[in-house]
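Here the structure of chain B is known, so what remains is to put chain V in place on it, guided by the hints.
Sequence lines, in order, name chains B and V. Residue numbers 1 to 586, in the numbering used here, belong to the letters of the first sequence in order. Residue numbers 1 to 586, in the numbering used here, belong to the letters of the second sequence in order.
Some hints here could point you the wrong way.
When chains are identical, the list treats them as one kind, so a pair holds in a single copy or across two.
[Said to hold, decoys possible] No farther apart than 30 Å at their CA atoms in a straight line, the calculated lysine-lysine pairs in the DSS-like style are these:
| id | residue 1 | residue 2 |
| --- | --- | --- |
| 1 | LYS15 | LYS477 |
| 2 | LYS199 | LYS134 |
| 3 | LYS26 | LYS169 |
| 4 | LYS15 | LYS169 |
| 5 | LYS159 | LYS134 |
| 6 | LYS524 | LYS312 |
| 7 | LYS15 | LYS478 |
| 8 | LYS380 | LYS169 |
| 9 | LYS374 | LYS524 |
| 10 | LYS326 | LYS221 |
| 11 | LYS374 | LYS8 |
Hints listed in this document are in silico derivations from the structure and should not be mistaken for laboratory results.
2 protein chains.
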Amino acid sequence: MQILDKIKDYERLGKPFFSFEYFPPKTETGLHNLYSRLDRMAGLEPCFIDITWGAGGSTSETTLTLSKDAQTYFGLDVMMHITCANLSETRLRSALDQARDCGIRNIMALRGDSPRSDRHAEPSFIETSIDLIKWIRKNYGQTFCIAVGGYPEGHPEAKSKDDCVAYLKKKVDAGADFVVTQLFYDVSEYDQFLKRCKKIGIHCPIIPGVMPIMSYERFLKFTEFTGIKVPEHIRQALEPIKTDDEEVRAFGVDLCVKMARELFELGAPGLHFYTLNLESSVTEVLENLDLLGDCRTRRPMPWRASTVANRKSEEVRPIFWSNRPKSYLARTLTWDDFPNGRWGDSFSPTFGSLNDYYIFRRTQDTAMRENRLKIWGQPKSASDLTEVFAKFCRGEIKWLPWCEMPIQIETGRIVSQLVSINLNGYLTINSQPQVNAAPSDAPDVGWGGAGGFVFQKAYVEFFTTKAKMLELMERAKKIPSITIHAINEKGESYSTTDDVSVNAVTWGVFPGREIIQPTVVDSKSFAIWKDEAFDLWLDEWRSLYSKNSESWNFISSVHDDYFLVNVVENDFVNGDIYRLFPCINS
Amino acid sequence: MQILDKIKDYERLGKPFFSFEYFPPKTETGLHNLYSRLDRMAGLEPCFIDITWGAGGSTSETTLTLSKDAQTYFGLDVMMHITCANLSETRLRSALDQARDCGIRNIMALRGDSPRSDRHAEPSFIETSIDLIKWIRKNYGQTFCIAVGGYPEGHPEAKSKDDCVAYLKKKVDAGADFVVTQLFYDVSEYDQFLKRCKKIGIHCPIIPGVMPIMSYERFLKFTEFTGIKVPEHIRQALEPIKTDDEEVRAFGVDLCVKMARELFELGAPGLHFYTLNLESSVTEVLENLDLLGDCRTRRPMPWRASTVANRKSEEVRPIFWSNRPKSYLARTLTWDDFPNGRWGDSFSPTFGSLNDYYIFRRTQDTAMRENRLKIWGQPKSASDLTEVFAKFCRGEIKWLPWCEMPIQIETGRIVSQLVSINLNGYLTINSQPQVNAAPSDAPDVGWGGAGGFVFQKAYVEFFTTKAKMLELMERAKKIPSITIHAINEKGESYSTTDDVSVNAVTWGVFPGREIIQPTVVDSKSFAIWKDEAFDLWLDEWRSLYSKNSESWNFISSVHDDYFLVNVVENDFVNGDIYRLFPCINS
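The following block holds chain B by itself, in its conformation from the complex (with noise of 0.2 Å):
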């Protein structure tokens, strides 16, 4: 979506919107903790993020990356920088051709300072932003929502005050449709500056650019180097506490929200934030703004829903990718068009391999790889297993290969028999509680908004032996209510019932409207994620031990002999999946 639209309808609405700006960070290790960052930031809503472009270097390919991924795997609106400076023709068309493909909407056009040196440099083929405007009008039409940047207390390299807001004026006439501001700490700077673009006729939106303080040191230098304006008060308040780095980043946030109060009040239509890749000071700001509402705790889908166009009227997903929705995105990428109101047939078939995208490759950083190996250890027996499956279940290990996210919230109704099956040899990686109808605004398992009911089946998913998944198949046929399908790596399957018919797990009934089931179990996609699961158990654990290594052997055993076996619960009002276990119910 073009973010001048949204930022209408955010004036509508007469709230005001945030956004939040990244850069490509330079090792894995950073471009990883970033994409966990971008996934959380994504929750709270913000009206659209910005990647700024790795000027003519390296990096700038990790901005396409970040931008195409951002927007295709978590649900943003993404506004990509480009710069001008030293780029050709061919990379430029190039860069925005690839964001247009993807379902980008959004360019931020900028000069950007000739990189020192960088083997990447090429002579530019654009000299000004203006012309980079005129040139995106021209060749994009408009495919692309152009922001411009602003200069509250002018360019480095404008004249006055007046000549750079004259400039600005021409960007806008070129084409630019919104103007972000520079950083700045001193609020009648951006007063000076509204009144100043509208006295020569620049009428768009002008978005100013934040940045909580986050450390002393950081902020003494980042000042020093731009030039920019530290207001005495500031520099006052900070000079008792700069050696308590804790209280810096109290006062940090404190001041951002004093500043955005009086921005408001000056007409700012919402807050662009210079993140530095950072989320705690930029969310303790919104939250303390009032900013972010319910979007925590509510959510339109049990899922959270992609933004691009054509997954619009995506209503349906099979629950076993719940914990790498990322990976089921890659795999559907393909798809023209999505399952609305009913899962069907036709589907299933057409699912993608994974391809070499950056969030699907084994991380090859050691440090990654260290943290793995202390959190998964060294298993070389079945009880080993079980003890790194509790644990995550408990919320003691952050994640498995399974599952990309801790446990969700909503398992607090169900982790103490989820542990205990997993310590009992059934090694869970998915899993709902029960849930009959639940008001749709419910902390833990609402979904949909305010006003419906909500419904589960309950379900878990979990690897097991032979043994004890033919003891459970015969457990259930005393439960007629409890269906199970179990399936190993190959191909060798069981199930309670012939019946292949797609079974709704989640579902919800709003005021005027059909049911909602965004959540179904079907036999076909189960097969096909069984492929990726038992993958996940080579590529992702065993692969952090040495060739034939005591560990390396195990995992490869269990690989080979386990079953994954999907249970679901149908009896929703008086069921309860977890006496299917021995262990639970003996």
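Here is chain V on its own, set in the frame of chain B:
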């Protein structure tokens, strides 16, 4: 579906089937009554029904109409009789073409007797049933399953029983698929007939035709006329009770049950009932034989599914036509496919108008007009009207122009509220009680088979004055879970919401299935339904009175001034739709 395939299905299940034979009535009242009976008896789920051919006469047109309507509107598999006596090639071909085109796949091929005198009589194009079968096979291939008559006691024109069976063998060899026998009361005749057939090489199903004795006089006349043998023990049993109609009827039922058990012992795959267009004895026989199962309480969907091939996938209907299902079927006849899973937008604009099929034609029959006048009276004021509607809710009146069937069992849950609002000027024509997770085999509100749960949002639809409608709109502001749509004959409309989404008001959750939502409320269909609903005031009701009489004028004013209002209580857990009405909750 071809009956032979259905018979095989029953065989596999080890379950005897039954079928009903009707004849085309000669009067309009008779026809009207037969339609109601067909509708009710369809609920007993016969394997098929058949309609006899009004040989060469005017009633052959009725045979065609009845057959087509039963196939299209009543969810029945129909076998149409055809007799070649005095039928031209043109008329034979036209009858079979029409049958084929409306989905009929079964023909009973008979020679028939030449009518004694009939202005429709034509020279026969085909002389024998053997030639008729050959001609049908030659001209229609395997389009039709073909049945023929068998004569356990020998055909009157046959020289011997052996000759008669030899002739039957020729009919089977010519292409007949199964045999329905002529009536008999001596079971040993059927036994011998089966043996003769087997000996000569007839291996297709041979269904015994039976008829419970319903009146002594008629039984005597009928058996004398046809020459059917009446075993001595039956004569003796009837003699002492012959003047007591009720005793004769009870004896007839018992005898038929006894005969049926003997026939099943001999290997009869099912029973073919010569119903004489009557229902009670036949129903009683089936009940005593325990062949009805739960068919009168079990419902695959809340509405009766049609047997028409392209409607097989139909899973959703708007609620408005629930009491006029045949009208709904007629208006959607031209649809190529049917909403499957969800209602969706695309269907509503294409509702056809009601055509002039018999079942929608206003009756000119005097007896029926008088019956209506008797039950609907001569309303001259609002209070006269409220009394009629309240009587319908109490079950004292069996139909209204908008309700083809008496009030449904499930309404028992809300009958006192309905009566109360009707007496207060809200003239209800449709409603359903609130249901929250009732077992899907609950006798009143269940559907879809056992093992699931069904839900309903409370619904009520009524005519009322503009003032009362506006008062409800005002009261609804305080009950956000209630949505109201109101519209008058001219299309002036009011709504509590601008949202035109489709509202699922009945849904079911079943093991291993997606959610099924068979009934919806949507504003587009409502706008189409309202034309039909307002027309019924004039066509069905006002037409009973002479022009400009007091009742004629009053009904006209109701048609012109009242609003049709639909109300949904979206909170199916804690809501109470009747709190909307000031007369109930003031």
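Open item on the list: Hint compliance check: list the failing hint numbers for this structure, sorted ascending.
Closed with: Violated: hints 3, 8, 9, 10 and 11.
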